[in-house]
Amino acid sequence: MKKLASVLLSALMAASLVACGTATDAGTPAEPAATEETTTAAAGEEGKVLNIYCWNEEFKSRLEDHYPGYEKVDATSGKIGDVTVNFVITPSDDNAYQNKLDEVLPANASAAADDKVDIFLVEADYALKYTGAEPAVALDVKGDLGLTDADLANQYQYTKDVVTSNGVLRGVSWQGCPGVLVYRRDIATEVFGTDDPAEIAPLLADWDKFNEAAGKLKEAGYTITCSANDTFRVYSNNVTTPWVVDGKINIDKNIEKWVNDSKALVDAGETGTYDLWGDEWNAGFMKDGKVFSYFGPAWLINFCMAADEEGSVAHDGGWAAVEGPQGFNWGGTWICGAQGTDNPTLVADIMKQLTCTESVMTDIVKKDSDFVNNKPAMEAAAKDDSFAFPILGGQNPLAMFCAGADKISMANISNYDQGCTEEFQNAMKNYFDGNYKTYDEALEAFYKAVEEKYPELTH
Amino acid sequence: MSENAIKNNTTSKGMNVHARRTIAYIVLSILSFLCLIWFYILFINATRSNSGLKTGFTVIPGRFLIQNFTNMINGTVPVLNGMLNSVIVAGLSAGLCVYFSCMTAYAIHAYKFKGRNSIFTFILMIMMIPTQVTALGFISFMGKLGLMDSFVPLIVPAIAAPVAFFYMKQYMDSNLPLSLLEAARIDGCGEFKTFNSIVVPLMKPAIAVEAIFTFVSSWNNYFTPALILSTDKKKTLPILIAQLRSADWLKFDMGVVYVTIAFSIFPVIVVYLILSKYIVGGVTAGGVKE
Amino acid sequence: MSDKKYKHKQKSMVVSYNRWGYIFLIPFFVVYLVFQFIPLVTTIYNSFFENYRSGLTQIGPNFVGLQNYITIVTNGDLINYSKNTMIMWIIGFIPQIFFSLLLGAWFTDPSLRLKGQRFFKTVIYLPNLIMASAFSMLFFTLFSDNGPINSILVNLHLLAQPFKFMSNATAVRCLVGFMNFVMWFGNTTILLMAGMMGIDQSLFEAAEVDGATSTQVFWKITLPILRPILVYVLITSLIGGLQMFDVPQILTNGTGDPARSSMTLIMFLNKHLFSKNFGMGGALSVFLFIITGILSMIVFKISYAGEVK
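Chains as they are written, first to last, in my numbering: chain B, 1 to 459; chain U, 1 to 290; chain W, 1 to 309.
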């Protein structure tokens, strides 16, 4: 049965590829005529309602704008052919979104046809909770849904790592969110005598140089970053061991390095301990701010640096980008097919259209300024001057993003990343602020907090 | 003549009335400032753009009020619908809560039946159980009853509100003499009718108080509705605000968040002002006086 | 004969009246049973089990006896977080009850003849109308390191450099207490005033004629009549205090920082809800229930001490 289904699926894939006129992939089945018939039969057996669980409207607008044949009905529903598409939006505050998923996913197979979850979205921090669940709640993208390695060949490896559990890929993403270091040109000129990215890059190429630069900036009255939390993601994306090894909480060397480096920076007054998105953090985007640099992906640069506000650095294109000490990823949404769905063909096709089809991906870059998960599309954009960022004074940083995306390794993620990351940053903030006197005391607090969240762990 | 005497008396015994009055006005003004400043800040923030809000706090309103408001109305988050839902949920909760709490309190207050004291103690005990504790059990049980994504679990439980009951009971203790009820009985009034036509009107101040409290807490409740409601059309305002706050970076707009908060406070203020006349307007529980 | 019959009739009348007591209790108990009691029994039952979710995997339920209770007591969590909760409650409650009684006394004092009473009475409850989350957002902005409060203090030369409110245990506790005070003192005043409405104005007038000072009027007339409502206020504030959650939760982003010094019992309970740890959560709630019960009993006993029923 399963075998038959996957044959049908790959047949349909091929059919849709032909329809889109981008049939560059291999694997076209032998008998198109037979395929035609069975496909319609299969479609007839599938559900009439496609339920998509998500926490905001991002995916909805991607589907509305870029999925061929999607008709918008109202704010939270649409139609694809005769299938009604419903978006079930639960905000992520208070863990409400995951609570919702935990409630419905395990019982999905026995839910009424029209109430079944068909697609749900996840973020990197907790992806493995769903993709690694036993019994599985997310469909195997290749085995169950029939996407091929060739389909997925152009996606960045790390975007697959995030949703791969025990070697099985259980989700796909249309986005990549590699980040770069953006710095203020005016401060660079004042302190380092130049604002040219080519000359600044070597000064920030690794953590030792980065910390050295922090000292120089401090002498001139600036902080290198707003907060120690700015760099956390950069260190933690480059770990060689996961947060949890055999049920024991594990602190990676690079994470320890973050603590030591940051403690030194904070003690020297070269950075702060503010929360990301807080008032102080936002204040650094303004000209009278004292923050030299931020770490961020394209979306942060384009949409979060108050470019439309007079008096902001971004308004006058006063930033520039370099790769920075290490590559990292910030953000991104992954699409998972829910186990028990009654619309596997449609789910597969949505995944394929939105994450594998180059023309669709290029459209997303143009329309939504996403950094899409498609190497050729991004590499073409990197060479295209029309993709230059006004906020970066006309610099086109996409080549840097591409290089960064290739270097990111997310193979060391674990089920527990969300809780560990949150609690670790929190405990260390208290350590930096002096509310915990020693690193060991902070570490104890961290262990305690994590073990409350995940009672099965020890240290 | 006698008024003079009183005045003299007061001056000699206590602090001068004028001094006390001045102190009272000063303290009241400070407290009022503390109470109102938040509305002013909310208003200011609602008039500013997302980027503008990043520049920090100002005391002068910005120019984006209309813009934010239009963005809110035209946005994909159904705020108007949410307001209607909130009105239904909070209004019915408040109505059911005060009526049935009053009824429960009356049962304990007016009738001497067997087990009365133990029931009273029982309700006092369950009052002490934190709601968060039972929340998850509540949600899964509602799932079994097939009441997910429905208003019922948000409204009906208001009937059994131990805190409102306790307040009604305490209020009856000080303000509802049993002699009055005996009189009604002698007049041949049925028990149910006595309750509806004599007790309820006498309880007006207490009812108004509890109605406001219940309405406001239901209006501002996020935790339970967020777990129960999933259809956008059925969501209440706090969920929609949370949704706006967790919007993706392309749509995220703090100005709209603030304008929605301001907009969602507005109806509560109206309800409060309507009901508050029973509390602050000097309505005396006329018939209660012995 | 007729006498006997009358007596019998009267007795049955009392009984039939009192039957109404049960009838009037039906809605409460039916709803309570369905919506609260079943979840509650599950909660208590669960406290004797190891029962949580790891990701999507259900661990347990495995019967562990009193292990959950022992864990909470022995690792010091219960004492710590009870202490935090009580400290923050008291910081907020003292000004709250003080100002409520003061305002109540002023508003009912005929000799003061305060103008604009309506306005003041209306205004004091308004902060309660703002969602706790929105309120905390505003506080965050006001008290941030570069926020308006700091810049005012620095400009007035009261501080040499911005004070980090959010990194100082006492400051955070005081902020939480202060927010609770601002949010709830109006509520308390309204409760007290609604109680005062029932007080016969002629009592005050008589007292005035007799030459009583307002302090005497307050202690001798207002307070005794208010006693049932006051007991209500004390007990519900205490319960509300022990259940303190939203304000510190949102102000500290759920962390109870610095170093968990503002972590309340319910915030701690909320931590266990993350893993749907019904075992630990259940045990904690039973403790909470016992603590609240004991404290309320004490308040109740003290308030009614010496009073003849």
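By construction, these hints were calculated from the structure, which means they are not laboratory data. Glycine included, each C-beta is placed from N, C-alpha and C at the ideal position. Wrong hints could be hidden among the right ones.
[As the list claims (entries may be wrong)] In silico SDA-like links for lysine to any residue, alpha-carbon gap of 20 Å or less:
| no. | chain 1 | residue 1 | chain 2 | residue 2 |
| --- | --- | --- | --- | --- |
| 1 | B | K453 | W | Q201 |
| 2 | U | K112 | W | I26 |
| 3 | U | K204 | W | Q216 |
| 4 | B | K366 | B | A399 |
| 5 | U | K234 | B | T76 |
| 6 | B | K263 | W | N168 |
| 7 | B | K218 | B | T189 |
| 8 | B | K367 | B | G340 |
[Said to hold, decoys possible] Each pair of labels, with its calculated beta carbon distance range:
| no. | chain 1 | residue 1 | chain 2 | residue 2 | range |
| --- | --- | --- | --- | --- | --- |
| 9 | B | D288 | U | S29 | 31 to 41 Å |
| 10 | B | E199 | U | T70 | 45 to 55 Å |
| 11 | B | G394 | U | D149 | 48 to 58 Å |
| 12 | B | D267 | U | L84 | 34 to 44 Å |
| 13 | U | N74 | B | K263 | 18 to 28 Å |
| 14 | B | D115 | W | Y45 | 44 to 54 Å |
| 15 | B | S386 | U | F252 | 38 to 48 Å |
| 16 | U | I26 | B | K263 | 42 to 52 Å |
| 17 | W | I94 | U | V17 | 38 to 48 Å |
| 18 | U | L84 | W | E205 | 43 to 53 Å |
| 19 | B | E256 | W | P61 | 51 to 61 Å |
| 20 | B | D267 | W | P61 | 30 to 40 Å |
| 21 | W | R19 | U | T22 | 54 to 64 Å |
[Said to hold, decoys possible] If we take Cβ atoms under 10 Å as the criterion, some of the chain U residues that face chain W in the derived model are:
| no. | residue |
| --- | --- |
| 22 | W38 |
| 23 | P61 |
| 24 | F69 |
| 25 | T70 |
| 26 | A110 |
| 27 | Y111 |
| 28 | K114 |
| 29 | Y171 |
| 30 | E191 |
| 31 | P201 |
| 32 | A208 |
| 33 | N220 |
| 34 | S264 |
Subject >> Range hint compliance [Cβ, E199 of chain B to T70 of chain U, 45 to 55 Å] >> reply: Hint holds: Cβ distance 46 Å, inside 45 to 55 Å.
**OP:** Grab the minimum C-beta distance from A110 of chain U to chain W and call the hint holds if it beats 10 Å, violated otherwise.
**Re:** holds, 7 Å
Subject >> Distance restraint between K204 of chain U and Q216 of chain W, which requires alpha-carbon spacing of 20 Å or less >> reply: violated, 29 Å
Subject >> 20 Å Cα cutoff - pair K367 of chain B, G340 of chain B >> reply: violated, 34 Å
Original post:
Taking the beta carbons of D115 of chain B and Y45 of chain W, is their distance inside 44 to 54 Å?
Top reply: violated, 29 Å
Subject >> Closest C-beta approach of T70 of chain U to chain W relative to 10 Å, hint status >> reply: violated, 21 Å
**OP:** Verify the interface restraint on P201 of chain U: the C-beta must sit less than 10 Å from at least one C-beta of chain W.
**Re:** Where the cut-off is 10 Å and the nearest Cβ of chain W is about 14 Å from P201 of chain U, the hint is violated.
**OP:** Verify the interface restraint on P61 of chain U: the C-beta must sit less than 10 Å from at least one C-beta of chain W.
**Re:** violated, 15 Å
Original post:
Would the pair K234 of chain U and T76 of chain B pass a check requiring their Cα atoms to be no farther apart than 20 Å?
Top reply: Satisfied, since the Cα-Cα distance of roughly 12 Å is no more than 20 Å.
**OP:** Check the following: the C-beta atoms of I94 of chain W and V17 of chain U are separated by a distance inside 38 to 48 Å.
**Re:** violated, 28 Å
**OP:** Tell me if S264 of chain U is really an interface residue toward chain W, meaning its C-beta lies closer than 10 Å to one of theirs.
**Re:** holds, 8 Å
Original post:
Between K453 of chain B and Q201 of chain W, does the CA-CA distance stay at or below 20 Å?
Top reply: violated, 57 Å
In summary, the structure is inconsistent with hints 1, 3, 8, 12, 13, 14, 15, 17, 19, 20, 23, 24, 25 and 31 from the numbered list given earlier, while agreeing with the others.
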